[in-house]
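Keeping their order, the protein sequence lines are chains A and B.
Heads up: the first sequence is residues 1 to 310, going by this note's numbering.
Heads up: the second sequence is residues 1 to 310, going by this note's numbering.
Just to be clear, a hint being listed does not mean it is correct.
As the list claims (entries may be wrong) - Derived contacts from chain B toward chain A, CB cut-off under 10 Å, selection only: (1) K137; (2) R138; (3) G162; (4) R170; (5) R261; (6) T263.
Just so you know, these hints were derived from the structure itself, not from any lab.
None of the values given here were measured: they were computed from a predicted structure.
The beta carbon of each residue, even a glycine, is placed where N, CA and C say it ideally should be.
Protein chains: 2
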Amino acid sequence: MTARIVDGTGMAAAIRETLKPRAAAFAAEHGRPPGLGIILIGEDPASEIYVRNKLRSAAEAGLRADLERLPATATLADVLASVHRLNESDVHDGILVQSPLGPSLGAEAEQVVFDAIDPRKDVDGFHPVNVGRLVQKRPALVPGTPLGVVEILERSGVPIAGRRAVVIGRSDIVGKPVAMLLLHRDATVTICHSKTPDLAATAATADILVAAIGRAGFVTAAFVKPGAAVVDVGITRVTDPAIVARMFPPGSARHADFERRGTLVVGDVHPEVADVAGLLTPVPGGVGPLTVAMLLSNVLRAAEGGRRKA
Amino acid sequence: MTARIVDGTGMAAAIRETLKPRAAAFAAEHGRPPGLGIILIGEDPASEIYVRNKLRSAAEAGLRADLERLPATATLADVLASVHRLNESDVHDGILVQSPLGPSLGAEAEQVVFDAIDPRKDVDGFHPVNVGRLVQKRPALVPGTPLGVVEILERSGVPIAGRRAVVIGRSDIVGKPVAMLLLHRDATVTICHSKTPDLAATAATADILVAAIGRAGFVTAAFVKPGAAVVDVGITRVTDPAIVARMFPPGSARHADFERRGTLVVGDVHPEVADVAGLLTPVPGGVGPLTVAMLLSNVLRAAEGGRRKA
């Protein structure tokens, strides 16, 4: 068995195409495009890349996206002031504060900031009102990554209802919301985590396996039932040659990449899983592009929702 | 193997005892006891019993509890007006609207009413903010029944961390919140439901089995791993002699009860499970009394939380 490899980049482009006419229709009716306001604190290199990617994708989909930069020295009050301005803005339908907020604000600041975002504009879906509404199966803004996981399964024709899904990882951003989305689509869902004994055996019962644990190559063939759909949410930047060699043998293209750059972005799923799974999402080029596409979809949804209520 | 049978009534009384000194301390500091406002619409006989039970238990724990009755003809605006009055009340720390609201208000009314309750006073834990905060593992008001399930396990010395828990049922009131509570205590949690194929086999992998599906005697010995802790959340009033006979043979005490009254309150778990399980909660006298005790605990928590914030 050799798994069908999902083209996340192509899927994301297809989704952006479906957003364009909706964005154009909104602009025609309201005299402005749907708008996203991004707050970026400091100059974290990874955050810079993520934000640039969101800005470019938004533009490609016909959305307005504005970046508000705050210095790394910004106080919590500064960040909240920016959030409040965007809450009141007539041209921004969605707001996101790029995570992590940075070391100077303290560990508690993140949720304080997310709580301050108007839930109707909370396109990252981190506000408790949106989390609660998701659990209650009511209309909600749901984080882009779990939405992307489900979008991949549905666009790939993987049946969900009546199937057994195992989610490895219980984060607020991926594990728990993806479990809810799969449950609401009538999967029988098991949530595993670092305290799960015999994780491989449990994972190997899954028709749908979602790996969101953040450990490079952790999910090996022993975790996978033949023919299962495996969605790899992990994104880890590896610099340890031993880890790379364990995943990609010397001589392989990915190993050569690593030797050239000294670093490699890998997923939670070991490449050997491609020989067992029926479907597999690659890293990079799998869930990642979908995450951004679903974020943009959330901006449109927030814009259109505002219109419905107005 | 004969299961240890949990004494939910005794446990609930013990919990009420722990609430008394807290209620007294609150009263000494604030010049009033913690207060619960209950809104009851119409005259549904089951609701009358539940409400009477809550009022009596509140009094036993040293709480004030007021019942506001609305006629079955009450409009949504009438109910919301009562909720708003209690939201503003200085003597009511907790509010609950007895469910079901009644046929005249329509199916959508329930969540509209629950959404209107101040989340800080939402002692039933149905507001999306409380649902979201529970999922986010933040301080929250959580529904009494799932809290009662966990309380029973903990008071019975059943280990949760690292164990496999299976929840049958995915309701907002029991299934989903109990899954979250068990997950946050490091169980590996599977949520099953009516669309789960081979439910018995999945249930039989559980160290902790929570039955919350509302089908009389549905969980038979085949669903239970020897020695498992089985918590029966189901409460069904049965009038069909065939169902009673399937659970309690003619000649048994419960069957005689049924013949006398023409009705019997039974759980989701078949009595034969007592021969397989290590621990079993009975119906009645298991989770039910805990549900009310945890509701009262929520009133105290809401009162004390208000004090902390003030």
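Hints and how they fare:
no. : hint : result
1   : K137 : holds, 8 Å
2   : R138 : holds, 7 Å
3   : G162 : holds, 5 Å
4   : R170 : holds, 6 Å
5   : R261 : violated, 37 Å
6   : T263 : violated, 33 Å
Hint check: violations occur at hints 5 and 6; the rest are consistent with the structure.
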